[in-house]
Structures are given as C-alpha cells and as structure tokens.
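Fit chain B with the ligands to the supplied structure of chain A, relying on the hints for placement.
As they're listed, the protein sequences go chains A and B.
So the first sequence is numbered by the working numbering: it starts at 64 and just counts up by one.
So the second sequence is numbered by the working numbering: it starts at -11 and just counts up by one.
Read the hints as simulated data drawn from the structure, not as lab findings.
Ideal Cβ placement from N, Cα and C applies to all residues, glycine included.
Hints should not be assumed to be uniformly reliable.
Said to hold, decoys possible - Quick list of the computed label-pair ranges, beta carbon to beta carbon:
#	chain 1	residue 1	chain 2	residue 2	range
1	B	182	A	193	29 to 37 angstroms
2	A	152	B	194	19 to 27 angstroms
3	B	77	A	411	50 to 58 angstroms
4	B	74	A	245	39 to 47 angstroms
5	B	161	A	76	21 to 29 angstroms
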Amino acid sequence: MARITLDHIRHAYGPKPSTDKDYALKEVHHEWDDGGAYALLGPSGCGKTTLLNIISGLLTPSEGKILFDGTDVTHLSTEKRNIAQVFQFPVIYDTMTVYDNLAFPLRNRRMPEGEVDKRVHDILSMIDLSEWAGRKAQGLTADQKQKISLGRGLVRSDVNAILFDEPLTVIDPHMKWVLRSQLKRLHRQSGFTMVYVTHDQTEALTFADKVVVMYEGEIVQIGTPVELFERPRHTFVGYFIGSPGMNFMPAAVSGSALVVGDQQIPLEGQPLTAPNAKLELGIRPEFVRVAREGMPISISQIEDVGRQKIVRASFQGYPLAAVMSEDTEIPADPRVTFEPAGLNLYADSWRVEAGGQQ
Amino acid sequence: MNKTWNNKAWFLVLPVLLLVAFSAIIPLMTVVNYSVQDTFGNNQFFWAGTDWFSDVLHSDRFWDALVRNLIFSFVILAIEIPLGIFIALNMPKTGIGVPVCLVLMALPLLIPWNVVGTIWQVFGRVDIGLLGHYLRILGIDYNYTQDPVDAWVTVIVMDVWHWTSLVVLLCYAGLVSIPDAYYQAAKIDGASRWSVFRYIQLPKMKRVLLIAVLLRFMDSFMIYTEPFVVTGGGPGNSTTFLSIDLVKMAVGQFDLGPAAAMSIIYFLIILLLSWVFYTVMTSQDAKS
Ligand SMILES: Nc1ncnc2c1ncn2[C@@H]1O[C@H](COP(=O)(O)OP(=O)(O)O)[C@@H](O)[C@H]1O
Ligand SMILES: [Mg+2]
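If we strip away everything but chain A, and leave its shape as in the complex, we get (with noise of 0.2 angstroms):
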C-alpha cells in the first residue's frame, strides 16, 4: 500500500521527441493517495496504458520522476516495486490449469502452500470459477480467461497498488457489474490504491472515489462524479462524460454578461479572460429549461429515453440539447433558459473560474 507520487512525467514512444505531438503522455503532475480507488477514464489512444505501465515500471519514463511513499522508484524494476497489473489483452498460462495460473504470482514469490491454497481458493470463488480449477486454461472462453487475468491481479495481499487496465471489456453486463461490486468490497477490505483503467464512464463513476480523465496524454481534470458533472474544468470532460454530453457555443463576453448569437446572458460576475482567446458558453443539457418564457428556439426533434426525454434543438444557430422530466409539456412556441447554476465559461477549452480568475 502506497501513495504514488508522478512527478512531472512525460513519455515519448520515439527516439527524439521535439514537438508535444511526439509525446504519448503530455506531462502527469499528480498524486495518487494511499488506498484511494481511482478510474482512469479517457478514449482510447489518450495514453491510459502508458500511464499505467510507467507507474508498474513496465516502461521508464522519458522525463520525471515516480516516487511511491516519498522514495524515487523511478528505476526500480516491477518485481521491486511491488505492483499488481491486471492486462487489456488477457495472458493466461496455456499449459497450466486456472488453479496453477492463479498460484503463480504466490509461488515465484515463494509463499507457503497452505497460504498459496488459501488465498486462491479465495480468488476462485470470487470470480466464479471454484469448479474449474483442475481445469488446463487453454480451452476456456475469452470471458474466463479475462477472469483468471484478473484473478492472478488480486491474488497476492502485500502489493503496493493494484492496476487494472480495461479488465472486464469481455464480461456480459451482469457479471461485469458483479465483479465490479466485488473488486469495490475488496478495496474497502483491503484498503489497496486501485487504479482503474476504461473509457466506459459509467464503470469509471461507479467504481472510483476519485475520477482521472485524460485526454490526448493529459490528464484534464481529478475529481469526484459529481464534480466532473456540475464542473467540467475542460471542455472535453464536459463532452465525454453525461448522456448527451455538455452543449457548447461560442461565446463573448460584454460586461458582466454572456453574448450568444444576438442573446445575452447575464453572469453573477465580470469573468476576467485573456484579450484573444477562444470563448465558449457550456451547459449541461439537465440545466437547460425549454418553457413558454426566455429566448426563442427551434426544437427538431424529441426523444423519449425512459423516465425522461431529450429535445434536440437549435439555440441561435448552434445545437442545444435538453433533458427534462417525460411529463414536462413542451408549448407550442418554446423558449429557453439557462440556469445561473449550470453556467460554465470555457476560454480556449479549459474552465474560467467563477469570480474571475481563469
């Protein structure tokens, strides 16, 4: 169990990298807390695996350095470092059975056999494969091997983090949301750091206390669900996580208000911008009011998703989308308004902070 320390890391795939586009991880300056759950939350492509493999020290990183407890590890091997890594690509052992495969992180570490016993029928159960266990792990189905790739992650008791990388992207939704319910306990139990690697956003809010969103080898914003909800810091967070996403439009400010289109917005204060940067006004669809007052739009379409429906429309040219209660009538001339508290000004894709400063 440790606090993991990334300063200021950067990782370039190449030999010589000179421009920021060479470089797979941008610049990671952060801390990991001990015992934390952490999701790792990003398309794919944005550098989720490299981050992982640079703190299980698979790969060195091109620049800065990782600590765990305080203490550089940054050239440390993985078997020093002590970490478990549940892979994207399920490795299994072919020749061994799923007992052997388990077994094998706790025996090259030379364990007892009672404890080794102990510990994987533990595992065993809780992936659901206690009756396969004499079994040779070669002709099982992708979604048991994704199983005893995981098992083989939560085996050994005395790691320092554990990292998984898309572990279930194989499992049937029901299984998955049960192994999922079962690796939260084992984090409460156990009291492990967890990191958890996907690009599904409801795995990432339902499984981490903490949400790292990273977008093209940035980390953009550390927070909890809600704060990545009601305050993206970039617009990409804003995008990528709520169904439909946050509306964006480009924006001026005049004053103390907003200017979209011939529409002004009032704000609750003067936002302080730099002279020539690029403004956009963000709302998220749950904040958008579609009612008989406020400014005019034109609604092209109404979708019923259950409980509630979505009004995709266009709000001085640009699309705005809209969800609200299924029962909510939607008058003959609708007109829109935004709530102060859904407010979001975004200058060149990342936040300004209420009362000015950016």
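Below, chain B with the ligands alone, put in the same frame as chain A:
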C-alpha cells in the same frame, strides 16, 4: 438428404493420383517385387518369399548400420534441438540485427548436400584443410580418415553446422508470435527467466518444435550424401549408415533382392519412429 453423385470429380483427382502413382507407389511396388524374388540376370526371376527379409534381419551388417543410424539421429537431435532453441532465444527481435541474423542463419540451408560434404571434406583434411591443419598445430591428433571417433565428430559437426539453422528459424517464428503482453505479465507475476521459458516460450514453440524434431529425425536417419562424400562410410565401417550400406549392396554388389528387402525394412522403421515421435509429442494436447 439426397446426395448427387458427380463422377466428374474423379477427373480432378486424377492428376494427383497419377503423380503419386509414378513418384511413390510404382517405384515402391517395384522394390516389393524385387524383395520377394531372386534373379540371376536375363530377366529370369524365381520366387524367394520372405528369404531376403530373414537374411537381412539375421545379418550383423544390417543391425550394426541400424545402431549407427539410431545413435547418429539421437546425437543430432540432442545437439541441434537445444542449440537451435538457445540461438533462437538469443536472436534480436527488432532492428537491423533481425535481417542480418536471418540471412546468416539461412546460408547453410542454401548449400547443396554434396557441396556441404565437399566443404567439410576439404576443411578437415590434415594436409591442406584449415580445420585439420590447425587442430594438428594445437596438438590434437585429429584425422578423420583413420580415426573412427574423429570421423564421427566430423560428420556430426558438419550436420550441426548444416541443419541447426532450420531449428533456429522454426523456433524463431514461434517466438516472434508471442505478444509483448505475455512478457509484461510475467514480470508482474515475478516469473524467473526459466519460468518465462517453461510457461510462455516453450508452449508457443511446441508446434514448430514438433515439426523440427520430425524433419531433423527423418532427415538424419536417411543421411547419405554428406558422410558418403566425407568419409565414404569409413574408416572401416564406422560411418556406414543404412543408406550407404544399401547403396553398396544394390549398386556395388548388385544384390537386388536383399537390397530391396532392406529398403522396405528401412522405410518401415522411419515410418514407425516418425509416428512414435508424433504421437508422443501431440499426446499432451489431446489430454487437455
Ligand atoms: N509500444 C508503443 N510504441 C509506439 N507507440 C505507442 C506504443 N504504445 C502506445 N503507443 C502510442 O501511444 C499513445 C497512447 O497509447 P496507450 O497508452 O496505449 O493509450 P490507451 O491505453 O489510452 O488506449 C497512442 O497514440 C499509441 O499509438
Ligand atoms: Mg490501453
């Protein structure tokens, strides 16, 4: 269900059938024909039944050659398979080293058998050969034309030089097909170098190794050209393998009957041993 019989299909099989008939079945039947008859020339044949077979099986000459063959194949496999695996494991996986190594490895395989024999025949000569000459200078009493042990060593080293590459290339093909994730997982699991070999690399190489063992066994068991060129079967009979003996008997002494019987026995032994190898090496797959 009603199957429609279409006899035209036979025409498609016919070319293959003819090819196999001319290349394998008819020559084999000729040999069978010789093996059960006696001839004194003039195309006169007399029925000899299984006499030739029992003659061959009761001759020391046959058994001695067979034992030499078995020892030779065993030594060849015992050296070339581990050595081939070892070289393959240490070959580079990326960069400019890959094509360089592959070409170097492929070179011996491209040389015709009799040329390989000639190369080593000259190479090992004590008067003008590089190897023989310098071994002499180093004080080693080496002479493959007079010492049976030296003759064996020469033939074996020659075969290792010629054919280990085949094992290397096959194993290398198996090794490069292993995804990186396996090695990463092994590191995380704290696996030793030996465990990585035993549980990741060896299983991936198993199929190609089976092919390598079969090819090397059959080929070394049928070895003819190289020892014939280098030692001519000598000194004495020390490197007279079955194939060399067979040619001596059939071409040298014109004993067609016993030679034919021996051919068939030889053929059956290779068939049997290859089958044993195959069964043993694939039996584990069948179990799981
Ligand atoms: N071994 C590698 N060699 C070169 N580039 C790589 C390698 N692995 C990943 N990359 C590149 O680094 C970027 C980040 O990849 P990765 O960390 O695997 O993303 P993610 O796990 O978020 O999908 C991608 O652009 C990818 O193409
Ligand atoms: Mg990945």
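Status of each hint after checking the structure:
1. B:182 / A:193: 29 to 37 angstroms: At roughly 30 angstroms between Cβ atoms, residue 193 of chain A and residue 182 of chain B fall inside 29 to 37 angstroms, so the hint holds.
2. A:152 / B:194: 19 to 27 angstroms: holds (21 angstroms)
3. B:77 / A:411: 50 to 58 angstroms: holds (52 angstroms)
4. B:74 / A:245: 39 to 47 angstroms: holds (44 angstroms)
5. B:161 / A:76: 21 to 29 angstroms: holds (26 angstroms)
Comparing the model with each numbered hint stated earlier shows that all of them hold.
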